[in-house]
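> Here is what each chain is made of, one letter per residue.
Protein chains: 2
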Amino acid sequence: MDDKPFQDYYQDDYSHCYGCGRLNEHGHQIKSYWDGDEGVCRIMPKSYYSGGMKDILYGGLIASLMDCHGAGTAAAAKARELGIEMKPGGMPRFVTASLKVDFRSPTPVGKELELRANIVSIDGRKVVVNVTLATDGTVHAQGELLMIQLKDE
Amino acid sequence: MDDKPFQDYYQDDYSHCYGCGRLNEHGHQIKSYWDGDEGVCRIMPKSYYSGGMKDILYGGLIASLMDCHGAGTAAAAKARELGIEMKPGGMPRFVTASLKVDFRSPTPVGKELELRANIVSIDGRKVVVNVTLATDGTVHAQGELLMIQLKDE
Numbered sequence: 000m001d002d003k004p005f006q007d008y009y010q011d012d013y014s015h016c017y018g019c020g021r022l023n024e025h026g027h028q029i030k031s032y033w034d035g036d037e038g039v040c041r042i043m044p045k046s047y048y049s050g051g052m053k054d055i056l057y058g059g060l061i062a063s064l065m066d067c068h069g070a071g072t073a074a075a076a077k078a079r080e081l082g083i084e085m086k087p088g089g090m091p092r093f094v095t096a097s098l099k100v101d102f103r104s105p106t107p108v109g110k111e112l113e114l115r116a117n118i119v120s121i122d123g124r125k126v127v128v129n130v131t132l133a134t135d136g137t138v139h140a141q142g143e144l145l146m147i148q149l150k151d152e
Numbered sequence: 000m001d002d003k004p005f006q007d008y009y010q011d012d013y014s015h016c017y018g019c020g021r022l023n024e025h026g027h028q029i030k031s032y033w034d035g036d037e038g039v040c041r042i043m044p045k046s047y048y049s050g051g052m053k054d055i056l057y058g059g060l061i062a063s064l065m066d067c068h069g070a071g072t073a074a075a076a077k078a079r080e081l082g083i084e085m086k087p088g089g090m091p092r093f094v095t096a097s098l099k100v101d102f103r104s105p106t107p108v109g110k111e112l113e114l115r116a117n118i119v120s121i122d123g124r125k126v127v128v129n130v131t132l133a134t135d136g137t138v139h140a141q142g143e144l145l146m147i148q149l150k151d152e
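Note that the protein sequences, when read in sequence, are chains L and G. Be aware that the first sequence starts at 0, since it is given in numbering that gives the first Met the number 0, and climbs by one per residue. Be aware that the second sequence starts at 0, since it is given in numbering that gives the first Met the number 0, and climbs by one per residue.
It is possible that some hints are incorrect.
[What the hints assert, rightly or not] If you want a taste of the chain L side facing chain G, the calculated C-beta under 8 Å gives, among others: (1) 15; (2) 16; (3) 18; (4) 23; (5) 48; (6) 51; (7) 57; (8) 63; (9) 67; (10) 98; (11) 100; (12) 101.
[Claimed, not checked] The calculated lysine-lysine pairs, modelled on DSS-like cross-linking and capped at a C-alpha distance of 27 Å, are: (13) 30(L) <-> 53(G); (14) 53(G) <-> 45(L); (15) 53(L) <-> 45(G); (16) 53(G) <-> 99(G); (17) 99(G) <-> 45(G); (18) 110(G) <-> 99(L); (19) 30(L) <-> 45(G); (20) 99(L) <-> 30(G); (21) 53(L) <-> 3(G); (22) 99(G) <-> 125(L); (23) 45(L) <-> 99(G); (24) 150(G) <-> 53(L); (25) 99(G) <-> 30(L); (26) 86(G) <-> 53(L).
Bear in mind the hints are in silico, worked out from the structure with no lab data behind them. Values in this document were obtained by computation on a predicted structure and should not be read as measured data. We put the beta carbon where it would ideally sit given N, CA and C, even for glycine.
With the hints as extra help, turn the sequences into a complete structure.
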């Protein structure tokens, strides 16, 4: 496993995301890594990210984390495909075209979350990613994202 | 337009949501109201809810707000269908089964957001809701949610 997260390779002007930007001091600053062909992210959310009930995790946070982790994995996968050397500022940039989340079972608050992203397809600038979110090995939600690579300016 | 938001009718034990719970002091505490048959919510997000770039709104926030506003409108619509008198604690409770968001164009930071929710169908405990998110009348994202009503305990 690479010891640097995908997000450390983003250009500075693309590192302000509330979910994954290393330059956003207010945000989650999630970190995603390769584990073989899967992108993996682990995070312990603060307890106030609850849903309606105090002991259930906020669905909006689940969607948000899937979005950022999926985007990071799409970018890293595109870099792999292109044979781009991973260096700070050298990452392809992606935006989310669509995000679909299926919530299977309530996600408990107070547990570390594990997100796993798998690349479904890479077709030019379009990358489709599946993401699962689990606690203690139980998958509570599944997402599919369509990511679009930005053209270089 | 009713002068009380849907969220004020939620039971206390269901009012801890980070997005819409009136008892979550850390959260967004969004407020949704009827405007005819549409649920409407307006919110001015803090500027640090940016996407990768500083001037573009965070997609995760868009998904989160759609989720909460869609859930509130589903509950209010079910209450209307059942002829339930709107009083604090009297609202049917819903959870999100699935959420799909299509991002059409970047949403600028620093603008008031207007979310509008329309009920697509009510089939027993299942409610399908469409939600749009706009700034200055321009729709930037569209969502569809499948909400499931919780059974009373």
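> Are the hints correct? Go through all of them and say.
Going down the list of hints, with the structure as the test:
no. : hint             : result
1   : 15               : holds (5 Å)
2   : 16               : holds (5 Å)
3   : 18               : holds (5 Å)
4   : 23               : holds (6 Å)
5   : 48               : holds (5 Å)
6   : 51               : holds (4 Å)
7   : 57               : holds (4 Å)
8   : 63               : holds (3 Å)
9   : 67               : holds (7 Å)
10  : 98               : holds (5 Å)
11  : 100              : holds (5 Å)
12  : 101              : holds (5 Å)
13  : 30(L) <-> 53(G)  : holds (19 Å)
14  : 53(G) <-> 45(L)  : holds (24 Å)
15  : 53(L) <-> 45(G)  : holds (24 Å)
16  : 53(G) <-> 99(G)  : holds (25 Å)
17  : 99(G) <-> 45(G)  : holds (24 Å)
18  : 110(G) <-> 99(L) : holds (25 Å)
19  : 30(L) <-> 45(G)  : holds (23 Å)
20  : 99(L) <-> 30(G)  : holds (24 Å)
21  : 53(L) <-> 3(G)   : holds (23 Å)
22  : 99(G) <-> 125(L) : holds (18 Å)
23  : 45(L) <-> 99(G)  : holds (25 Å)
24  : 150(G) <-> 53(L) : holds (18 Å)
25  : 99(G) <-> 30(L)  : holds (24 Å)
26  : 86(G) <-> 53(L)  : holds (22 Å)
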